[in-house]
Amino acid sequence: MYNVCVRENRINRVKKQLVAAAGLIGITLLAWLLRESLTVANFAMIYILFVLIVAIRLGTFAAMSTALISFLCINFFLTRPYYTFIIADSRDVIEIVIFIVVAALSGQLGARERRLAEEAQQRAYEQEILYRLTGSMNQATDAATVNDSLTHVLREDLRARQAYILPGQREAPQADNTVHFLLLQAGDQIYGTLCAAFDTTLTAQQVRLLRTCATQAAMALQRIDLAEQARASRQYEEADRLKTAILRAVSHDLRTPITIIKTSASNLRTFADRLSASEQRELSETVETEADHLDKLIGNLLDLSRLQAGALTLNRELNSLEEVAGDVAARIWQMTGRERIRIHFPEDMPLTRFDYGLILQALSNLVDNAIRYEPEETQIELVGCADEEHLQLKIINHGETVTADDREHLMEPFYRGKDGHIGLGLPIAKGIIEAHRGSLWLEDTPGSGATFVLALPLDNKEPVPYEA
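Under this note's numbering, the first residue of the sequence shown is numbered 2, with each subsequent residue one higher.
Source of the hints: derived by calculation from the structure; they are not laboratory data. Check the hints yourself; a few may be wrong.
[As the list claims (entries may be wrong)] Straight-line distance between alpha carbons at most 16 Å, and here's what the computed EDC-like set of lysine to aspartate or glutamate pairs gives: (1) K263 x E291; (2) K263 x E238; (3) K395 x E375; (4) K395 x E323; (5) K395 x E382; (6) K263 x E283; (7) K395 x E324; (8) K395 x D445; (9) K297 x D369; (10) K263 x D293; (11) K263 x E289; (12) K395 x D460; (13) K395 x D369.
[As the list claims (entries may be wrong)] The following label-pair restraints were derived from C-beta to C-beta distances: (14) I299 x Q230: 30 to 36 Å; (15) D388 x S449: 24 to 30 Å; (16) R438 x Y165: 35 to 41 Å.
These numbers were taken from a predicted model, which means no experiment stands behind them. Backbone N, C-alpha and C define an ideal beta-carbon position, used for all residues, glycine too.
The task is simple: from the sequences and hints, build the whole structure.
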């Protein structure tokens with residue numbers, strides 16, 4: 002862009018010089034026709050005005066050249082004796098000297114104003130380039146984006162033949178008039194070297210702009226580096242917190258079933274000849290129950306670790322939430338031998354895309370949590386509904402209303418409720434749902450109880466009604 006502007010400026014300058022020459026000829030011709038009617042002072046005022054215009058349009062050198070040529074024209078064509086450079090009247094000499102001084106001053110002032118205007122225009126152009134570059138740099142989240150933004154500006158606006166960043170280069174090679182190497186340094190950290198090659202030699206203004214662009218790129222790389230360090234620090238802190246929480250769980254929730262299993266197995270071995278068949282069966286069932294509890298707890302710990310490590314893989318397919326609810330209800334019936342769940346879904350409930358196994362696990366965790374606090378005489382309700390953007394499934398419990406303190410921490414990993422157990426099911430359900438770009442929140446059940454609302458995005462432009 003810079004080189005294009007330079008070429009255009011040169012062409013425009015030649016055009017303006019031709020126009021100025023034609024104007025000077027025209028003024029001289031007009032003055033020659035009127036030389037018997039006007040005085041030298043009148044001609045001088047016209048030429049001074051023309052010199053001022055030339056100074057503003059073309060600069061100091063053109064203005065001084067015009068003033069000199071104007072002086073020669075006045076002397077040769079407009080003062081007696083005509084067509085010689087001899088001045089017969091002393092008054093004409095004074096007027097011509099004054100003309101030369103005033104023309105020179107006018108040319109200097111006009112050229113100064115032109116230079117200031119050009120500098121202001123140049124600064125505005127540079128600020129526009131830097132504004133666009135800074136905007137793209139602020140949105141960059143990795144070094145590749147910074148590289149693309151910087152090289153785009155250099156190639157499009159500075160017309161660089163080649164532009165790229167050498168990430169491992171910490172020393173700038175020797176440059177020449179058309180190839181520039183600039184260290185991308187922010188503070189004490191060097192992020193590489195910018196290499197930019199041009200077809201022509203850069204002006205001082207272009208070099209200054211090139212260095213400013215390199216500085217902006219270095220600052221963007223520093224910001225990205227600091228963000229990566231902060232992210233790594235947060236991950237380390239989260240991993241440390243998770244490790245501490247797991248150790249706390251091992252010390253209590255894992256040790257308890259292990260102790261029960263060990264005690265029951267020891268009693269079976271030690272007192273086998275003194276225990277009745279029913280007592281032996283009861284101890285065996287205790288071992289099996291606690292082993293299942295231990296297996297579920299370890300599975301939840303592994304699932305939570307996968308979620309927090311971002312290692313969860315979704316197999317999205319077109320599925321029915323009502324079918325998931327039916328599978329959960331069937332599992333609860335097999336476990337309890339009772340119909341603890343009522344399901345309400347509209348007939349035109351659309352399908353959506355989700356990982357069936359993971360959503361089944363999330364809903365199972367939510368229902369298990371709800372049953373823990375559901376009175377024996379009532380049932381958990383699973384109510385489905387849909388709008389234009391989301392599907393919702395409400396898990397309605399009629400037990401105790403969740404307190405404000407529990408509500409604040411209920412979905413945090415390893416939070417211990419009033420029953421003393423660590424909470425893993427709800428955080429796992431929340432993580433699975435959020436991995437589907439959905440959401441999970443808690444509402445109060447009218448009367449008493451808690452209602453969890455599971456919302457999934459409707460990933461189906463033409464919903465297909467599910468037919469039971």
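What hints, given by number in increasing order, does this structure fail?
Per hint list: 2 and 12 violated.
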